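Listed below are the residues making up each chain.
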Amino acid sequence: MSKDLQTRIRNFSIIAHIDHGKSTLADRFLETTGAITARESRDQILDAMDLERERGITIKAHAVAIRYKADDGQTYQLHLIDTPGHVDFTYEVSRSLAACEGAILLVDATQGVEAQTIANAHLAMANNLTILPVINKIDLPSSDVDGVKHQIQEVLGLDVDDTLLISAKEGRGVREVLEAVVARVPPPSGDPDKPLKALIFDSWFDNYQGIIVLTRIVDGSIKPGTKIRLMSNNKIFEVLEVGQFTPKRTKTERLNTGEVGYVCAGIREAADTKIGDTIADANRSTDAALPGYKEVKPLVFCGLYSTDTARFEDLRDALQKLRLNDSSFAYEPETSLALGFGFRCGFLGLLHMEIIQERLEREYELTLITTAPTVVYQVLTTKGEILQIDNPAKLPSPSAIASFEEPFIQATIITPERYVGNILQLCQDRRGTQKGLQYLDPTRVMLTYELPLNEVILDFYDKLKSKTQGYASLDYELIGYRESDLVKIDMLLNGETVDALSFIAHKEKAHLRGRQMAEKMKELIPKQMFEIAIQAAIGNKVIARETVGAIKKNVTAKCYGGDISRKRKLWEKQKEGKKRMKQIGRVEVPQEAFLALLKVTGE
Amino acid sequence: MALGIYIHAPFCRTRCSFCAFYLRIHREDQAHTYVDAVKREIRLYAGRASLGEHRPDTLYFGGGTPTTLRPEQLADLVAIVRDCFGLAERAEVTVEAHPDSVTEEGLQTLRQAGVNRISFGVQSMDEEELIQVGRKTSRAALDRAVAHARTAGFANLNLDLIYGLPGQTPASWRETLAQALALVPDHLSCYALTVEDKTHLQVSLHRGDLPEPDQDVQNAMEDEAASLLTASGFQRYEISNYCRPGHACRHNLLYWQGGEYLGLGPSAQSYLNGCRFGNVEDLTAYQDRLAAGEPAVLQSEQLSPAQQRREALVFGLRLIEGISLDGASEDSVDQRDQTLQRLRQKGLVELEEGRVRLTALGRRFADQVAVELL
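Chains as they are written, first to last, in the working numbering: chain A, 3 to 605; chain B, 983 to 1356.
Hints in this document: simulated from the structure, not taken from any laboratory. All of these numbers come straight from a predicted model, not from anything done at the bench. Hints may contain errors.
Coverage of chain A stretches by chain B, computed from C-beta distances (three or more under 8 angstroms per stretch; other residues unrestricted) [said to hold, decoys possible]: (1) 546-559; (2) 563-572.
If you want a taste of the chain B side facing chain A, the calculated C-beta under 8 angstroms gives, among others [stated by the list, open to error]: (3) Ala1208; (4) Ser1209; (5) Tyr1219; (6) Ile1221; (7) Tyr1237; (8) Gln1239; (9) Gly1241; (10) Gln1251; (11) Arg1346.
Just so it is clear, CB atoms sit at the ideal spot from N, CA and C, and this is done for glycine as well.
In isolation and in its complexed conformation, chain A is listed as follows (with noise of 0.2 angstroms):
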């Protein structure tokens, strides 16, 4: 390709809060340069995955080549590509940027700066973006852009001059944006006669291909037959097929410096393709990898068992395919008295977990317990030994611990003022502390706050969320381990401890996790042929205890035609719920209630 060409070449991302409207602007673009038509244009059609549809977000990124006959009559090779637009998945989104030179900062004109705005417009400035300052949803009466406009300039201190003014549900300013890419975003300066350095920044399975991997190119080029080296496992392997997503799947003769696209080379692991990694030619090594590479580490964990013990096997073998498609989680096998074998798994966040489980069910058809997701606690034992805890159930005694160490994050949290009375409150009972109060206009505030990890991972954000009437928004970064008094939560039933069920609490606060796990507990499982003990314990020492009182009797007094008919429904129907529960001991204890820490409420 010729220096010509490279110098057409935009590559870019749209950087927003969520619902802010990135979605609805990636379809215009799409439409506005007939890269696919009004009617193929499913709403928001790089959202592939029916989960993302579901929860209207994005997990995976993408990357979409548009070509693009701007204003001043050339024609670009424009390449969107989409970032995922959820905490848990920070170091994706900084990887997809990096293969960026510019970013389109979207922020809604009725929602002004949001924790995520801020969160994602760092992460581009680190990766020296020019920043394109986008307002959007400028035709609802609602909207206040010169508010907006303020709020960029002093948050993010970006220069807010040339900031574009759009609504991407009616299709206003939307070629505007386009060329605003072109006029300002730079070309990639890569060089074509080095040899080969590619950014890999997403990939996933495909049942015929093996792993896809989205790279940009960053020196050279990339074709069928070449030899190519992953330089973080230096593996080797032969490109079998480059493309590009436009945004059908189509094949091209090679991918050339700046470009960015797909590379297939019959790789079978997912873990093969870490995310951040630098693809070399395996003949020809380029000087060093690329900067920004880091393994990813799963911050949350939980047990997942399959209901049905039998189905130990499938549930291995779809964690395994899942791996494929995904190597940020992460999954090994456990044993555990009340459930049998099951896996103890990894995750970025909670998110992520919840994704993870629902298309285990969904896709794998399979019946899944998870326990309650733990944060991974570092004891220090007496005998001098470092222990990464990610089950509860295998902490030592305390008087085996020296210390006891649990993960902390700096939060940002933006909200209206009217709410900083009940965010302080919040985060005060999460064991905050206060880092900071800023301002960002005189109805916004922005608070940055220390908090531990295990306090947020539960139920944070959505109590954030009901105490501002959904205004709020976070954002977090890990920062660390500090020391903590903490202490281990047991709970039995009748008599007897249940380790599915253990968990780890402040020790302040340990009474009140028992007793309201105890409640939450004695809600969920049913009633059944006897009386239930449910009780909270540390160590030996109860503090709480709950009892689910027995049913006397459940049988059909009338059972003739009638009664059949609807009684048979009825039961085939209890016999589904039967299959979610899971017997301990005597007890039948459903699914949810193995997940009753995330249900305790109220402080």
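Based on the hints, put chain B in the right spot on chain A.
Chain B only, in chain A's frame:
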């Protein structure tokens, strides 16, 4: 296999607060149209091959209150069933009756038409208890009705009783049982009060106007009925049914023994050739369909042989003598037997000489057993 015909008469003079059956308050003109529709339905099915050479062995008029229909109307329907299906020679023909809605002549008409079993809805001998559930009747009317039935020649007479009614005490239940026995019935049904969805009773309980039924009290009442009736020469042959030897209700046995039945009338349910199907629960819709010459079936489900076996087991277990375990085949047996062993360990079933039956505890948890076995 035996075949039974059920005819649902969807009319009552008043609705009792616990009742969830499909019915309307009786009106003569509607009853007339209804009877015409049932006649059409009988002829429609009689012309079909699906019934094969079956000759119905039982005919059962339930409701509702079949005796809100005039005795001639009922007699007419019996005759048409006989003409069209050819009732077996010693067929059991039952009519459910409200004690207030029968006369001596009426009962004679029924008897002459071939009705040979009469079932009176009594529920309680305590008038206060009846008023609580919206049922108005008198002891005197019941005594008269039973006497007339005997005079008319009914040698097979049932009384329906309910225990666990609001305000009912163990003592008043014993009294109801004693008075029922004094009427020398051949059959007694004792039903635990069940709070059905969307009934007046459910609303009253929800509002706190009436006390919730107490399961311990109901269990004690069940035990009381079992011991008193057994001591008086009755056999308990099903969870809620007692009879003098030889007087078990043959029609109802069909439901528990996997027998076949054809249900006629609105909301009536059928089980034929492994297919469960049911009529529309609406009198007008029912009549319209039949006027158009079509069956009034709303839903139907063909059961697989495995499903048929599982259901036969579940419903057969309601019989005190239990059910024989042979007949089931191959792979499903293992799973079934594992479940039965589990139920045995819980003390819910007994296994003996290729038969399985519920224990006393199991009879209290028959629905739970059903859920596990289905």
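Now for the hints, and whether the structure bears them out:
1. 546-559: holds (count 7)
2. 563-572: holds (count 6)
3. Ala1208: Not OK, violated: alanine 1208 (chain B) not within 8 angstroms of chain A, min 14 angstroms.
4. Ser1209: With a minimum Cβ separation of about 17 angstroms from chain A (threshold 8 angstroms), the hint on serine 1209 (chain B) is violated.
5. Tyr1219: Result: violated, 13 angstroms to nearest chain A Cβ.
6. Ile1221: holds (6 angstroms)
7. Tyr1237: Because about 5 angstroms separates tyrosine 1237 (chain B) from the closest Cβ in chain A, which is inside the 8 angstroms limit, the hint holds.
8. Gln1239: violated (12 angstroms)
9. Gly1241: Check failed: Cβ of glycine 1241 (chain B) comes no nearer than 11 angstroms to chain A, outside 8 angstroms.
10. Gln1251: holds (4 angstroms)
11. Arg1346: The hint holds - arginine 1346 (chain B) has a Cβ within 8 angstroms of chain A, the shortest such distance being about 4 angstroms.
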